[in-house]
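Participant: So you can see what is in the structure, the chains are spelled out below.
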Amino acid sequence: MVETDVKIVYKRPAGFTDRVTHYCPGCTHGVAHRLIAEVLEEMGELNNTIGVAPVGCAVFAYNYFNFDFVEAAHGRAPAMATGIKRTLPSKTLFTYQGDGDLASMGMGEIVAAAARGEQITVIFINNTNYGMTGGQMAPTTLPGQKTSSSPLGRDVETQGYPIRTAELLATLDGASFVARRSLHDARSIRMAKRALRTAFEVQKHGLGFSMVELLSICPTNWGLNTEDSRKWLAEHMLPYYPVGDFKVSTAVSEMKIGGN
Amino acid sequence: MALELIKGNIAVAEAAIRAGLVSYFGYPITPQTELLEHLSARMPELGRGFVQAESELGAINMVYGAACTGLRTMTSSSSPGVSLMQEGISYLAGTELPAVIVDVVRGGPGLGNIAPSQSDYTQMVHGGGHGEYHVIVLAPASVQEAVDLTGLAFDIAEKYRMVVCLLLDGFLGQMMEPVVLPEFQPVRTIPPAWGVGSPDSKERVVLTSINIDPPSQEKFNVKMMTRWQEIEANEVRFKSYYLEDAEYVVIGYGTAGRIALSAVRAAREQGHKIGLLRPITLAPFPTKAVDELAARVKGFLVVEMSNGQMLDDVNAIVAKRAPVDFYGRMGGVVPYPDEIANAISELINGDHDPNADARGKWLAYMRKLVGMGE
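In order, the protein sequence lines correspond to chains A and B. Start counting the first sequence at 1; every next residue gets the next number (the numbering used here). Start counting the second sequence at 1001; every next residue gets the next number (the numbering used here).
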């Protein structure tokens, strides 16, 4: 045998199970899952975390993470996470929610949780449509965007305007860290990971509510291949949903993050 | 232990604390609000969890999360709020979780009013949420009994991993009575092995109500039905008054049962052989006791503060072996003992026709009473 100096630079995160995901090819749910698993592993929080899965494409998210998980009713994940956190305050809690779940059905629960400064972290996947039910109009669907329930394109006169969730939640005093990132290219993904780390650190430091909105692609329901989906996100979503930090409380800005 | 004069809502709240309540989630609604108010002060001072939720939907889903830890959690509400909670109750049942829900029932439907009623019998006993499930329903008739059943509610919720509803009415919630509160029980804060966040679980814990494969959902439903069979065999509770030699039996629960007892005692004094069966568990229902009575008595009178929601269950058990008369008041109106005494007289002096339309007869009486003519 020849001794070789092998250095592992990429592996399956310790926070994952061995399951193959059910997500469509090209979907960025897998990327978002991986970033969460990496961040929790780097923080040493894998054994202390409880996840709350949504109703939507990520309904089976608990199959892919290898720590404790519960499954919420549609939109109610922030309430469910609140119940667990208030019963077991030392645990790290996060919800993983899509735009139908969080910004439509669950707008009451998310606003209330943020206003309370609930010590939970929310990961919000914005792909401008209802993925699981086959691509219907969501609160995040862009003006003019065609979906299976806005076949002529979203008409703002009758169907209203999209909701900029991060900006909305940032207005609440209880929200300590609210950011939007995108998953459409490698640089954006690296930035997304840093924001997720900050969000979980906010919770670990007891500094209040944190949320990261992640702009995501949905090639299947958008009817585009992966490459065109990434371009569509950059061309159409980024102008309407700019990435950035919409709320960084003073305490969060002074927070020291350990590790990398 | 000393007797203390306490309002029903507050007594239940304090009894829950003493039963080891770890977290409470609720929303203000009359006539239940004092329960939430009491816990808003007591839970934080004891270092336990309390959240005034954004809605009953929020509250029940917080309970859903808290129940996933397997630790003692509770919410309370009144009828319109409980309607909103039905979503979460179905999910709790579908995830086999223990939780206690206090429903201080008020008159309805819709916004209705804030007066005492028993019109939530159907939504709790026969399930107001989607899917097939049971909730254990306990119906006290006094503040002391409400206190005693609060501790029991947590015990059997945990024993069977089920939702237990303490079904009060506005009367019991608002009434002050002398009670003896129970001793403080130790508070368990480490989740059992099946709960999330447990240090004792051998592998990670995933709690969900999803069974995407229909045969696996069916198997789960069979498991739930089997457990319900066991509960029907072991957990039926009721109180009997003068049933040994009774020829006629009044059936009523909660406040209606308590008022009926006054009427039954008065009829006894007049020499009538009449008794009262007061169900304490509405689910599981005291089916066997009613069935045995149906084989030997001359007639029943069901008394409720509703349109006869329990009457249907009694009729199904009696199965026309004896006449089942009905007297109910609706919409938040509480019957006087002499109204029930009149109904008892009509039963005893009636034609004992087991096929008579008791609800129709009652409704005709009610139409006259409320001034709607014949």
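Bear in mind the hints are in silico, worked out from the structure with no lab data behind them. There may be inaccurate statements among the hints.
Straight-line C-alpha distance at most 20 Å; calculated SDA-like pairs for lysine to any residue [unchecked claim]: (1) B:1202 <-> A:164; (2) B:1202 <-> A:47; (3) B:1202 <-> A:17; (4) B:1202 <-> A:66; (5) A:193 <-> A:253; (6) B:1202 <-> A:18; (7) B:1202 <-> A:16; (8) B:1223 <-> B:1307; (9) B:1202 <-> A:14.
Quantities reported herein were computed from a predicted structural model and do not represent experimental measurements.
Participant: For a quick check of understanding: which of the numbered hints are violated here, in increasing order?
Facilitator: Numbers 1, 8, in rising order.
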